[in-house]
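Asker: For this one, chain A is given, so just place chain B on it according to the hints.
Letter by letter, the chains look like this.
There are 2 protein chains.
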Amino acid sequence: MEVKKLRIAMLGLGSVGSKVVELLVKNTERMYQMTGVEIEIVYGLVRSFDEEDKQKLAKKFHFQLTDSLDHILNDETIDVVVELIGRVHPAKEYIVRALEAKKHVVTANKDLLAQYAVELLPLAYQNGVTLGYEASVAGGIPIVHPLKTQFATDQIESIRGILNGTTNFILTKMLTEALSYEAALTLAQELGFAESDPTNDVEGIDAAYKVMILAQLAFHSYPKFEDVDVKGLTTIQPSQLAVAKEFGYKIKLLGEVRALKDQLSLRVTPCLVAMDNPLAQIDNETNALLIKSTQIGETFISGPGAGAAPTATSVLADLQALILKKELGSSNQYPQAFYENTTYSFLKSAPKEKFGIVMKKAKATQKFTNDQLADIQKIGHTTFLEENYEWLVTNPLSSEALTALLESLTKMGTVIGSIPFID
Amino acid sequence: MEVKKLRIAMLGLGSVGSKVVELLVKNTERMYQMTGVEIEIVYGLVRSFDEEDKQKLAKKFHFQLTDSLDHILNDETIDVVVELIGRVHPAKEYIVRALEAKKHVVTANKDLLAQYAVELLPLAYQNGVTLGYEASVAGGIPIVHPLKTQFATDQIESIRGILNGTTNFILTKMLTEALSYEAALTLAQELGFAESDPTNDVEGIDAAYKVMILAQLAFHSYPKFEDVDVKGLTTIQPSQLAVAKEFGYKIKLLGEVRALKDQLSLRVTPCLVAMDNPLAQIDNETNALLIKSTQIGETFISGPGAGAAPTATSVLADLQALILKKELGSSNQYPQAFYENTTYSFLKSAPKEKFGIVMKKAKATQKFTNDQLADIQKIGHTTFLEENYEWLVTNPLSSEALTALLESLTKMGTVIGSIPFID
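From first to last, the protein sequence lines stand for chains A and B.
For reference, each letter of the first sequence is one residue, going 1 to 423 in our numbering.
For reference, each letter of the second sequence is one residue, going 1001 to 1423 in our numbering.
The set of hints was computed from the structure by calculation and includes no laboratory data.
Note that the coordinates shown come from a computational prediction; the quantities given were computed from them, not determined experimentally.
Just so it is clear, CB atoms sit at the ideal spot from N, CA and C, and this is done for glycine as well.
Heads up, some of the hints might be wrong.
[Stated by the list, open to error] DEER-style ranges, computed between Cβ atoms:
#1 A:R87 with B:E1076: 49 to 55 Å
#2 B:F1225 with A:T294: 31 to 37 Å
#3 B:E1177 with A:K4: 54 to 60 Å
#4 A:P122 with B:E1246: 55 to 61 Å
#5 B:K1004 with A:E182: 55 to 61 Å
#6 B:D1053 with A:E29: 50 to 56 Å
#7 B:A1274 with A:L191: 20 to 26 Å
#8 A:E52 with B:K1261: 34 to 40 Å
#9 A:S15 with B:Q1263: 30 to 36 Å
#10 A:K26 with B:Q1237: 47 to 53 Å
#11 A:H89 with B:K1005: 40 to 46 Å
#12 A:T294 with B:K1411: 42 to 48 Å
#13 B:K1056 with A:D262: 30 to 36 Å
#14 B:G1380 with A:T234: 22 to 28 Å
[As the list claims (entries may be wrong)] With a cut-off of at most 20 Å between alpha-carbon atoms, the simulated EDC-like pairs for lysine to aspartate or glutamate come out as follows:
#15 B:K1378 with A:D276
#16 A:K148 with B:E1029
#17 B:K1148 with A:E38
#18 A:K26 with B:D1262
#19 B:K1378 with A:E246
#20 A:K224 with A:D262
#21 B:K1245 with B:D1283
#22 A:K148 with B:E1038
#23 B:K1245 with A:E386
#24 B:K1026 with A:E157
#25 A:K261 with B:E1029
#26 A:K4 with A:E38
#27 B:K1245 with A:E387
#28 A:K378 with B:E1246
#29 B:K1261 with A:E29
#30 B:K1245 with B:D1276
#31 B:K1026 with A:D262
#32 A:K245 with B:E1386
#33 A:K231 with B:E1400
#34 A:K26 with B:E1157
#35 B:K1292 with A:D283
#36 A:K292 with B:D1283
#37 B:K1245 with A:D276
#38 B:K1004 with B:E1038
#39 B:K1231 with A:E400
#40 A:K5 with A:E40
Chain A extracted, bound-state conformation (with noise of 0.2 Å):
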């Protein structure tokens, strides 16, 4: 079988770039098994040939450092170049050029894609490449090609989400901690959570990016950032959060793109979210979106929003969807399904007299058990409809171990269950 190859070339080695060169060579042969393609990465641009770090990663994984961005895009075998750069320029600058050169591109920049999608989209299109941007969204949660795929048919009402990990962690712990704003952004940065220079995440602009790339792939609309009612979350003080909490409410900080008739409302600002939407339940770094969409109703999508391994992933399903023709291969790793052994909890009714006698004889299970001891973990005791119910937890258990234990706990009264439990 002939080996088709991608080969790619890395604008930008930070934190991301260095992820997704790792991730790709780790997963070289599980990319090759599921679409016959096999991934090289072949350069990486610097500014200077100086960073040590920088030329240990392309010692350690073989490809050649280059500070010319015209000897990448002049070899003709390079098909996709990877912006990791970040901010506007010469990222923008650097991506016209590798479209114009016929290069596919993947970038994760979200400044950039909210700003010149509208440019950059057809400059794709007119040179027959594709402009990935899977990771300028919400990190790690796959959103891009959802709205591209999944909601691309249906309508779309609104889009609100939490599209900023630094902001929600601040809010959770002015919540949960009753911290000031600057006490709680001061954590974050101690916890690599918050950037030395917080503007861009607390006065909403980082969300209002991400508003604007979520307007483009909704509506097909290219807003500019003026379009956007932007309002940060520096005003907001722990006795907002705790009174709105009392209330019924949690404090978010949504960015939010909403058709109405035949306008977009766009917005980024703190809003008071009820208790029962999923969003509420968002906390500290995670991000999260809610759509509601005419045919499909309400979807809910939470996961990182940021880091570097997210990130990274999520440039390498743009590398797999631009590679992705047919259907997935057939490799089979894992010939034999398996029975694991399991944490099992017993729901155990006692008559009333009886009240705590479970309890008492629970460690005395332990000998029924023959190759295993079945640990009790939790016990506990609780009435419903005026009988009194109790209930025990034990560590994993074989399928013997459990049998002879809940034999043993049926001499001591009716066992009404037993069921495995998740935390």
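Answerer: Showing chain B alone in chain A's frame:
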């Protein structure tokens, strides 16, 4: 510009099939604008020409009814066969013949994909066509495509999901209304969430098929039905649900596929799910999946798992994916962004002695808004760190009305902020 066509034959014109027809016709123009390809429904396969509703549908949407699969497969202008007959036979034979005739196939048939993907996917590959089955797992939730791209280069550790809406509805009603299993099932049947013969749902068989498909996508493994450890929910009692809740868990019927060293664990079972696990928040007929993977971490997605419109939208998504070989076009349907008047909530602090003042005077603020009445919809007070706070919520206001209201409130005390809210 040349108009490319994608010509379609429908096998099956039931509730999903007729919805697919309706949505395809409705979206022809949009899909053309996005992809440059025009979709045309050419045939509908029927067992007999006597079915009046199918004759009506064909007439309304201008396609031809035929009782001959040969007629469809011999028509070289047909590109795609959409199979929505359901169950294994004769759907499998039809799909095999369609693939052999080099037609792309899109299907929602989970029974078939679960058991015969191992045979059908290579057949599609050998014939250079695509087999799309986004609708086969979790209805309107995008999961098949994301598993082929976003997660394809990640290592999936586990997928756990609420994969059957009928049983989730039953469990929800058993908990919230303390109904017996039988009463909850009857209610589900009355509301159309359960079939008259509910065996496939309540015994976990439907969920097991979905687990098999998830295992294929996530692990390129082709388990047999016997490889799945399947338990249904027919023995669950309301007391178990109530006791589990007391104990901090909800009981959900979960489908699971997990990687354990070199083996897979596949099961469907009622399971205790901790309340802070997002799966515990999914009630009624909604479906959801929690994907754990090495690079991305945790991704959660929820939405409608069944229903004609969501399922039909997933079928359309497969067609969209089939023709989407380039980026989206740039039709500009919504040229102007717009800031909607929105419901505002006020968080107001008041000194202890004035407690209740705002509440009394709230109605009076109406006169201060010029162009619009500020109707007070909710009002209340609470205490935080020994300070008293009062809050109120209004109807949607114009920004002028909002400013006027804020001014009037400021005269009565310290307004600490105003913030939009969503339910």
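Asker: Of all the hints numbered above, which does this structure not satisfy? Sort the numbers upward.
Answerer: Violated: none.
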